[in-house]
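Participant: Line by line, the protein sequences are chains L and P. Quick note on numbering: the numbering used here labels position 254 of the first sequence as 254, and the sequence is numbered without any gaps. Quick note on numbering: the numbering used here labels position 119 of the second sequence as 1119, and the sequence is numbered without any gaps.
If you're looking for bench data, these hints aren't it; they were derived computationally from the structure. Keep in mind that this is a model prediction, so the values were computed, not measured. All C-beta atoms in this analysis are idealised placements derived from N, C-alpha and C, irrespective of residue type, glycine included. There could be a bad hint or two in this list.
Here's a subset of chain P near chain L, in silico, CB distances under 7 Å, partners left out [to be verified]:
| no. | residue |
| --- | --- |
| 1 | Met1057 |
| 2 | Val1074 |
| 3 | Gly1097 |
| 4 | Ala1212 |
| 5 | Ser1214 |
| 6 | Ala1217 |
| 7 | Ala1221 |
| 8 | Gly1263 |
| 9 | Pro1264 |
| 10 | Arg1268 |
Counterexamples of contact, computed for chain L against chain P with all Cβ distances above 12 Å [what the hints assert, rightly or not]:
| no. | residue |
| --- | --- |
| 11 | Ser82 |
| 12 | Arg140 |
| 13 | Arg241 |
Sample of chain L residues facing chain P (criterion: CB under 10 Å; computed from the structure) [said to hold, decoys possible]:
| no. | residue |
| --- | --- |
| 14 | Ile39 |
| 15 | Ala40 |
| 16 | Lys43 |
| 17 | Ala52 |
| 18 | Ala79 |
| 19 | Arg88 |
| 20 | Gln89 |
| 21 | Leu184 |
| 22 | Thr232 |
| 23 | Thr245 |
| 24 | Val250 |
| 25 | Leu262 |
| 26 | Gln265 |
| 27 | His369 |
| 28 | Ala378 |
Protein chains: 2
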Amino acid sequence: MRGVSVVGVGMIPFGKYPAKSLADLGWPAVKAALGDAGIAPRKVQAAFCGTALGGMMAGQRILGRIGLTGIPIVNVENACSSGSTALRQGIMAIRSGEYDVVLVVGVEKLTKFGGGTLPLEEEDWEVSQGLVMPALYAMRAQRYMHDFGLTARQLAQIPVKNRANGALNPDAQMRTPVTVDQVLAARPVADPFTLLQCCPTGDGAAAIVLCATSRAAEIRADLVHVRASELTSGRYVGGYRDMTTPEITVRGAAEAYEQAGLGPQDIRVAEVHDAFSIAELLYYEAFGFCRRGEAGAFLESGATAIDGTIAVNPSGGLLAKGHPLGATGAAQVVEIVRQLRGEAGPRQVAGAKVGLSHATGGGISGFDHGACSIHIFAT
Amino acid sequence: MRGVSVVGVGMIPFGKYPAKSLADLGWPAVKAALGDAGIAPRKVQAAFCGTALGGMMAGQRILGRIGLTGIPIVNVENACSSGSTALRQGIMAIRSGEYDVVLVVGVEKLTKFGGGTLPLEEEDWEVSQGLVMPALYAMRAQRYMHDFGLTARQLAQIPVKNRANGALNPDAQMRTPVTVDQVLAARPVADPFTLLQCCPTGDGAAAIVLCATSRAAEIRADLVHVRASELTSGRYVGGYRDMTTPEITVRGAAEAYEQAGLGPQDIRVAEVHDAFSIAELLYYEAFGFCRRGEAGAFLESGATAIDGTIAVNPSGGLLAKGHPLGATGAAQVVEIVRQLRGEAGPRQVAGAKVGLSHATGGGISGFDHGACSIHIFAT
């Protein structure tokens, strides 16, 4: 298969922009990515736009703003994995041999829905039973605490770490550091979660310019290469008998490592889907960063801090950078690429040469209906 | 690039199914396509689901019903071209070399919205000015009548032809033939359109099984091959100065013919996007089936009837078969494949060896924001 490299990335600071349209959010991210690549819009041969709730023709509305028309534009939806699924479609388009330069954009405007719970399908029986996302994850957290002795104070250290990282990231929605005591004293949402253990809702956009590796040196010298592009479907919140194993991510991780010919020991920086505090801990184990049941101790050891052995969510993650669904997967790649290029400033992970991004979502109308997308990049 | 062939097709009869969920609509179409191919669900390596307004995770909800999980599932949106864009993504997935067997499903449940005008974006300024789709197309019809002398009676012959074809298609939503007088006497919608000149709203699903040509003979003998898979963006309803030239289809047709190494004289059967009566006439010209301004005479000559030189919309088209947005592009391919295999029964186009499908839509938030997807198939 043809090699694919990242030649440009850009995003807007995540936040709440109720007065802006989806196109208002998206085009500056696209412009930033094209500017980072140093190429004109007319060089783009195809575009893929990830959005979960952006409505029809999101990509066309965004790209129309910079006159980018006349090319194939495909809108892609996969719940919280929409942006990373769009990335995978862009990679596949280059692998197919049809295109050399492809644009990927992820975008979402959640303030359109007035905040709070997202609009879900009538036929989604979990939601009709009150099993909205915070409740689902809270049950998993309770189970994990019961099974492995994780304490509430340990769990609260996830938002402490990610908010500290977010304070170093000008693109993060939440830029104020918090303490364990502040996390525990915040407004309760679903026990054991307080508000600070749930990702905020907000708006955002991020974009990526991809190029066939064989042509990428014409665009820039400091290339970041795609080593694995994985997408799968399955159980989003674990099996019915083991709700603390994220089956879809465990399987996806194995497939991604196999594609890349790499293992967890090779990963120096990772952006994982920390929609709730417990999620990041479950993913430490799913990716093999630590052993089953040891995620709390692994976190407390400092291994996943920016100066640890595997920096996890140096951008602030979903908890601090924010989680505008379709934008999230693309923004994770923006962070990984900046880290691998050594452009991450005060949150730079020293010596990062291999990075991983992970976006997973769904669970709509049945626990089985999830998506998980994992990408591995290397210089 | 790797060759791609169609090895299975299936659909449900289009109609109004208010009591059914999106998954209820989708899975029987998938099952029919897999049955037509004679393969088990586990042979499918990746799936692409086209839907415009189906909500999050449509593909996962549908495929979960037949236990098809653990594979990459991508949901694709491109307004009225959603199903054909999903098809193109499926083709690209095989061309990339990653998969040999791919499933494509298109689905929509428009009865969810109570019928009538579709839910469109707030930021869509045409709609806020009253320029809903029937109004936009009515203006184009008026202009065409003014410029080329097309009469109201000529225009009314499009639904007469397509309803006659639909009467021969058990999967069509509208199966009653109509006369020119009935068309002209029907309830007015937007002058010159009466109700019978506008496609009905409804629900539907259609599915396609694709296989790498190099492996397809293992599945079946009577293969239909993809000769062109085209997607582009641009002006959906013509330029501001020439509203009767569908720019995006003219350009897309040229690109599709070039890919296939074929021209309009080679096409024996075509399913084109006749959302309104005038549209089919404009597409005769856009595809080069007849010369500019001569579409009315071409229709009256009988050239586009089932026994004509280029049978157009033998399935009944959008006007009779129906137009559940995401399902439309996939259902067009179901018809073309059945025609090329000689399985179309009373509406069989004699000697059909090359066929074309065409789905175009959009125009949301600016006339520029359209999509057009064209596929050419041959035995």
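Participant: A separate judgement is required for each hint: does it hold in the structure or not?
Facilitator: Now for the hints, and whether the structure bears them out:
| no. | hint | in the structure |
| --- | --- | --- |
| 1 | Met1057 | 5 Å, holds |
| 2 | Val1074 | 6 Å, holds |
| 3 | Gly1097 | 5 Å, holds |
| 4 | Ala1212 | 12 Å, violated |
| 5 | Ser1214 | 15 Å, violated |
| 6 | Ala1217 | 22 Å, violated |
| 7 | Ala1221 | 27 Å, violated |
| 8 | Gly1263 | 22 Å, violated |
| 9 | Pro1264 | 22 Å, violated |
| 10 | Arg1268 | 27 Å, violated |
| 11 | Ser82 | 8 Å, violated |
| 12 | Arg140 | 20 Å, holds |
| 13 | Arg241 | 17 Å, holds |
| 14 | Ile39 | 19 Å, violated |
| 15 | Ala40 | 17 Å, violated |
| 16 | Lys43 | 16 Å, violated |
| 17 | Ala52 | 6 Å, holds |
| 18 | Ala79 | 5 Å, holds |
| 19 | Arg88 | 8 Å, holds |
| 20 | Gln89 | 6 Å, holds |
| 21 | Leu184 | 33 Å, violated |
| 22 | Thr232 | 6 Å, holds |
| 23 | Thr245 | 15 Å, violated |
| 24 | Val250 | 12 Å, violated |
| 25 | Leu262 | 19 Å, violated |
| 26 | Gln265 | 26 Å, violated |
| 27 | His369 | 4 Å, holds |
| 28 | Ala378 | 20 Å, violated |
In the structure shown, a violation is registered for the earlier hints numbered 4, 5, 6, 7, 8, 9, 10, 11, 14, 15, 16, 21, 23, 24, 25, 26, 28, in ascending order.
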